[in-house]
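J.: Residue numbers (our numbering), protein chains in the order written: chain A, 589 to 726; chain B, 688 to 979.
None of these hints come from the bench; they were simulated from the model. Cβ atoms here follow ideal geometry from the backbone N, Cα and C, with glycine treated the same way. Worth double-checking, as some hints may not be accurate.
Said to hold, decoys possible - Facing chain A, a subset of chain B residues (Cβ under 7 Å, in silico):
id	residue
1	729
2	731
3	732
4	736
5	741
6	897
7	899
8	900
9	901
10	906
11	909
12	910
13	911
Said to hold, decoys possible - Partner residues aside, some chain B positions facing chain A, computed with beta carbon under 10 Å:
id	residue
14	728
15	739
16	740
17	742
18	746
19	828
20	832
21	836
22	898
23	913
24	914
25	920
26	921
Unchecked claim - Some chain A residues well away from chain B (every beta-carbon gap over 12 Å; in silico):
id	residue
27	632
28	644
29	674
30	685
31	691
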Amino acid sequence: MPLKLEIVTPEARIFSDEVDTVVLPGYEGEMGVLPAHANLVTTLKPGELRITKGGKTTEMAVGEGLVEVTGTATRILTDMAIDADKIDEKAVEEALERAQKSLAELKPGEHQEEVAAVMAIIQRSTAQLHIKRKRKTV
Amino acid sequence: MPSTRDIRRRIKSVKNTAQITKAMQLVAAAKMKKAQDQAANGRHYAELLNKVLVNLKENAEEGLHPFFSEGKGDKTLVLLIASDKGLCGALNTNLFKKLLTTDFGTGEVDYVTIGKKSVQVINRLRRHLLADFPIKDPAKFAEVRSVGRFLQEKFLTGEYKKVFVLFNNFINTVTTVPTCEQILPVNPVTLGGKRDFAPEIETATATQEYTFEPSAAVVFETVLPQYVNDTVYQMVLESRASEHSSRMVAMKNATDNAKQMIKDLSLEYNKLRQASITNELLEITTAKMALE
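Chain B on its own, in the form it takes in the complex (with noise of 0.2 Å):
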């Protein structure tokens, strides 16, 4: 049986949690508008991009480029993007058993990670690890670039067949999809679970063919460095958006716990000292009672 004392106790320290808590929530909130805000948008953009090339894809002559066809050796490269800072739920827990049930085919594995959490989980499974980019918060795309052009080079060395990213999808503030799409070679890619809602861009039809100018190759040269690395700043954009929501979420949850308790810790404090209170009443009125 605690004494009330020890409630009191506890009572503060829960008190003392919720502050806390009440306050990341509020950072969080700040952060999360921006950066969702930030996330959708780049979609279209980025949406737009990968429909036209993969359209283009299908027309294009086979070896045109090198983006369009898979690398000549059967390892597989994979970008990580998790958060820097724990403290939001399950989002990276979600996003690494992803990476656990993901096949990836036959071959090795090569990871490429942003974000503290995944340079841990990539270092516990003891896989592979190439490089690591840390990016700060909010993301520039001047860092993400380096990255892209990182994925780019490993990739045209031939080693590779495929390069995946594994990243968090913000869907909206309470979802988010733990997403593996295939950046290279060119695939069609999921940004915001939003592809099945957006029949309104339609490209053309496979069959049509398209005039290059000056010529295929120059086009291609030019504009698929740069659609590998606009996807993958729009992935940690997405990334991004979906931490801070899930942060927001997770310390809500958390004040909103800790509000229980203490209405709990208090219900049982009040009861206490009231029996307390009766117990000493008796007492005074027995030792009354007997001194008669």
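Just chain A, with the same shape it has in the complex (with noise of 0.2 Å):
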């Protein structure tokens, strides 16, 4: 039996097939998930998110969002997915220094709410950089 999984992000729907098994970073670490699990809801946090299928393994970066399993299917509604193949290094790690920079700038307790999207963008672009250098290294 197949497990269908679908990723959806704000922007567009990422991924839709039918899969073997997907491993993704939840809210208490890394999850498998195999056709007929039971039904579960959890949050998902900035990492790296691999999907089985017919022995082939596709690695992707996520950011934070929420993962509801069924035992046919997998929903992830995340803000942001990418294919690990179409990261681009150098301009994620721009994007990090630019964030880093203006979380320097930023006064605690003050503009919380940027404070929030800073944060978010460098966790997010950490997971990207994580899952590009450990590709290197093998």
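Take each chain as given, in its own frame, and dock them per the hints.
T.: Now the structure itself:
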């Protein structure tokens, strides 16, 4: 029995296909989902997501979001999902640098909104870089 | 009977109007493309999020999160999303008609608005306006988030029983539907009027129980505020797509009408011109005949 995986971001439907297994960064750490998994809802943490289909593994960098698992389907709603091959390391590094700079400029206590937004960028960028670098060393 | 000069003048002025409406049509068409794409891209996410949450609401225990149950007060909060500018056909009029015909139940109704046109209408109707949020075009998520946050804060005070959003749902370039949706407590929402055509997103049946990791409270605490913001944002996008589409269509009609008018006026002008030439010829020939 295959597992239907759907990954959706506000910009587009990134992934919608039947897969064998998916490993995702859940609230309490990495979590593997196989078909016939018990119904589960958890939040997604920025990190690495691995999809296996027919022995082939695809890696993706994901942001924060919500995961709904039922026996036959897994739905991931996140603010970012990028295929590992498509990560532009240089651009991400620049974004990370900019974010850290603006974080340093923002005073703590004030602008909570901006701080949260910048922190999200940092987490997302770090997740992307992590995957990219890991691939290089392999 | 207008003189030829009057008609010439009118043709000229209609031509000028046609030029302006044509230019506006082109501008609206360019913006429309972008707004439509934006609305279409975000729709799936918002719909899915809504479906998942509605499903979870059925399984969740009562009182788990305030966003799942009605507020204690009997007031209603309505967010009205209209356009900033006019000249977009009957778009805003239809929306306001919907506002007047919708029954929000007994109790006071407070309004929050987006768009200058909606502020005007709320003031004219002497309804109670709580806040107005100016949202630029194209709409930025950060701006709309403050609207979502405001609605949540108001709802959490417990004064309001329900929160509704009135906006224009974008179906296609010529069809937009004024829609009223309940956003809080969490409720099924139609976006783009496509709910009936998208049966491929099926959720677990209501009898199934979910495990929450780490706990339902934590999950809902993070997801629900986000849900409100995302949904409001998507509604703004739908409204914007509707606005630019209606403006494009309205301006196209205006240009077409102006062209038709130029045609009619030219015909009349030529008739008149010919009549006067015939008259002159007649006068000349009669004068000549009289001389002979």
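J.: Each of the hints needs a verdict: does it hold here or not?
T.: The hints, checked one at a time:
no., hint, in the structure
1, 729, "holds, 5 Å"
2, 731, "holds, 5 Å"
3, 732, "holds, 5 Å"
4, 736, "holds, 5 Å"
5, 741, "violated, 12 Å"
6, 897, "holds, 5 Å"
7, 899, "holds, 5 Å"
8, 900, "holds, 4 Å"
9, 901, "holds, 6 Å"
10, 906, "holds, 6 Å"
11, 909, "holds, 5 Å"
12, 910, "holds, 5 Å"
13, 911, "violated, 10 Å"
14, 728, "holds, 5 Å"
15, 739, "holds, 5 Å"
16, 740, "holds, 9 Å"
17, 742, "holds, 8 Å"
18, 746, "holds, 9 Å"
19, 828, "holds, 8 Å"
20, 832, "holds, 8 Å"
21, 836, "holds, 9 Å"
22, 898, "holds, 5 Å"
23, 913, "holds, 8 Å"
24, 914, "holds, 9 Å"
25, 920, "holds, 8 Å"
26, 921, "holds, 8 Å"
27, 632, "violated, 10 Å"
28, 644, "holds, 25 Å"
29, 674, "holds, 17 Å"
30, 685, "holds, 21 Å"
31, 691, "holds, 16 Å"
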